[in-house]
Amino acid sequence: MIYLAINTSSQEQFLDITEQVARALLTTAVSDGICVLFVPHTTCGITLNESCDPSVARDLEMALRNIEPPGLRYAHAEGNSAAHLKAMLVGSSVSIPVVNHRLCLGTWQGVFLTEFDGPRRRKVMMKLLPS
Amino acid sequence: MIYLAINTSSQEQFLDITEQVARALLTTAVSDGICVLFVPHTTCGITLNESCDPSVARDLEMALRNIEPPGLRYAHAEGNSAAHLKAMLVGSSVSIPVVNHRLCLGTWQGVFLTEFDGPRRRKVMMKLLPS
Amino acid sequence: MIYLAINTSSQEQFLDITEQVARALLTTAVSDGICVLFVPHTTCGITLNESCDPSVARDLEMALRNIEPPGLRYAHAEGNSAAHLKAMLVGSSVSIPVVNHRLCLGTWQGVFLTEFDGPRRRKVMMKLLPS
Chain A
1246 MIYLAINTSS
1256 QEQFLDITEQ
1266 VARALLTTAV
1276 SDGICVLFVP
1286 HTTCGITLNE
1296 SCDPSVARDL
1306 EMALRNIEPP
1316 GLRYAHAEGN
1326 SAAHLKAMLV
1336 GSSVSIPVVN
1346 HRLCLGTWQG
1356 VFLTEFDGPR
1366 RRKVMMKLLP
1376 S
Chain B
1246 MIYLAINTSS
1256 QEQFLDITEQ
1266 VARALLTTAV
1276 SDGICVLFVP
1286 HTTCGITLNE
1296 SCDPSVARDL
1306 EMALRNIEPP
1316 GLRYAHAEGN
1326 SAAHLKAMLV
1336 GSSVSIPVVN
1346 HRLCLGTWQG
1356 VFLTEFDGPR
1366 RRKVMMKLLP
1376 S
Chain C
1246 MIYLAINTSS
1256 QEQFLDITEQ
1266 VARALLTTAV
1276 SDGICVLFVP
1286 HTTCGITLNE
1296 SCDPSVARDL
1306 EMALRNIEPP
1316 GLRYAHAEGN
1326 SAAHLKAMLV
1336 GSSVSIPVVN
1346 HRLCLGTWQG
1356 VFLTEFDGPR
1366 RRKVMMKLLP
1376 S
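Residue numbers (this note's numbering), protein chains in the order written: chain A, 1246 to 1376; chain B, 1246 to 1376; chain C, 1246 to 1376.
For the record, the hints were derived by calculation from the structure and aren't laboratory data. Check before you lean on any hint, since a few could be wrong.
Since copy identity is lost for identical chains, a pair holds within one copy or between any two.
[Said to hold, decoys possible] Below are the SDA-like pairs computed for lysine to any residue, each with C-alpha atoms no more than 25 Å apart in a straight line: (1) Lys1368 <-> Tyr1319; (2) Lys1368 <-> Ala1320; (3) Lys1368 <-> Pro1314; (4) Lys1368 <-> Arg1318; (5) Lys1368 <-> Leu1317; (6) Lys1368 <-> Tyr1248; (7) Lys1368 <-> Ile1251; (8) Lys1368 <-> Thr1272; (9) Lys1368 <-> Ile1247; (10) Lys1368 <-> Ser1276; (11) Lys1368 <-> Ser1255; (12) Lys1368 <-> Ala1274; (13) Lys1368 <-> Pro1315; (14) Lys1368 <-> Met1307; (15) Lys1368 <-> Gln1256; (16) Lys1368 <-> Arg1310; (17) Lys1368 <-> Thr1263; (18) Lys1368 <-> Leu1270; (19) Lys1368 <-> Gly1316; (20) Lys1368 <-> Cys1349; (21) Lys1368 <-> Leu1249.
With the rest of the complex left out, here is chain A (with noise of 0.2 Å):
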């Protein structure tokens, strides 16, 4: 297993973290297979979407804060269950297929730590799979 530490700074954020995840799976000894990328957190997710033009991962960032239902009255006390709502819609891995150590991503894709709850230091697991 491979542990990937990420410093978010900010309470919501989409931190593009492709390139710590691609340099990660140049170490590996297996070399072609599925890479699953797991965040061990209920306040944040992982997801894939572009990573070219800034500004997706920000009207992300809006969008979800504004899909929340308003209005709710939450049990929880500590008050963040709207990021734990975002964080399962999100979800809690991805899936990605490698070759010759290399992701298979779309032109546009990258991979992106989704904070609801931050800023905070969290963990990514990563494992390769072999195929």
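Start from chain A and add chains B and C according to the hints.
The following block gives chains B and C in isolation, referenced to the frame of chain A:
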């Protein structure tokens, strides 16, 4: 393949199945890899979220009920299209790292079967992929 | 790796690709494991949902169109940020158990490519991970 049988007890329910999954993992031939949990259903999902404070799961149930756009005229005659929508948003599988027969979940994470059209008898299929 | 080529025919479309995936699975060297289907795109997704009654897929298309918060001022100049949002909510991959070259889908489940910015030529990458 390991099959878990789960009985849900109400129409909408986030059911914590972490213990059942953890017990099943003790019996696998492989000890390390990625555990894939899959639901062969279209009106329930599976997800990871906070299991320590049970009010989080109740908040997520409530938020999902309210995320569905109101006033839609669904075509599907069975009347459970909203359940299909919520199952899709939550997702039909999770992938969790496993080390030495143990789920590598974060401190607050638990595995939840998310029922949206119950109560029913549900099935979870489980495979441990070696890494 | 197996590549499936899919032509979508409208701007938003849930396209049932179950048969195409099932046929490709008959040719794999491995017979049992987890089939990972991945879309290298940022404005389409892939998901599982009911394929028996085609009105479910149309209901899901409609609900997703209405889940997008109205009146947002997106920054991304291409004007397709809503498509990026829906692709993220649906997800970029699915993982399905396979036994003896056959998808272990539930009675009502089918595999759908979900187009949100078509019509386009799309690609699905497929790997069978041995278990």
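How the hints compare with the structure:
1. Lys1368 <-> Tyr1319: neither (27 Å within a copy, 30 Å between copies)
2. Lys1368 <-> Ala1320: neither (27 Å within a copy, 29 Å between copies)
3. Lys1368 <-> Pro1314: neither (29 Å within a copy, 30 Å between copies)
4. Lys1368 <-> Arg1318: Classified as neither: same-chain Cα gap 30 Å, cross-chain 32 Å, threshold 25 Å.
5. Lys1368 <-> Leu1317: Classified as neither: same-chain Cα gap 30 Å, cross-chain 32 Å, threshold 25 Å.
6. Lys1368 <-> Tyr1248: within (7 Å within a copy, 30 Å between copies)
7. Lys1368 <-> Ile1251: Close inside one copy (6 Å), not across copies (31 Å); limit 25 Å.
8. Lys1368 <-> Thr1272: Intra 18 Å, inter 28 Å, cutoff 25 Å: intra-copy only.
9. Lys1368 <-> Ile1247: The answer is within: 10 Å in one copy meets 25 Å, while 29 Å across copies does not.
10. Lys1368 <-> Ser1276: both (23 Å within a copy, 22 Å between copies)
11. Lys1368 <-> Ser1255: within (16 Å within a copy, 35 Å between copies)
12. Lys1368 <-> Ala1274: Within. Shortest intra-copy distance 22 Å satisfies the 25 Å Cα cut-off; inter-copy 28 Å does not.
13. Lys1368 <-> Pro1315: Close neither inside one copy (30 Å) nor across copies (34 Å); limit 25 Å.
14. Lys1368 <-> Met1307: within (24 Å within a copy, 29 Å between copies)
15. Lys1368 <-> Gln1256: So Lys1368 and Gln1256 pass the 25 Å test inside one copy only (16 Å; across, 35 Å).
16. Lys1368 <-> Arg1310: within (23 Å within a copy, 31 Å between copies)
17. Lys1368 <-> Thr1263: both (14 Å within a copy, 21 Å between copies)
18. Lys1368 <-> Leu1270: Classified as both; 16 Å inside a copy, 24 Å across copies.
19. Lys1368 <-> Gly1316: Answer is neither; intra-copy 32 Å and inter-copy 35 Å both fail.
20. Lys1368 <-> Cys1349: both (23 Å within a copy, 12 Å between copies)
21. Lys1368 <-> Leu1249: This pair counts as within: shortest intra-copy Cα distance 6 Å, inter-copy 30 Å.
The earlier numbered hints that this structure contradicts are 1, 2, 3, 4, 5, 13, 19.
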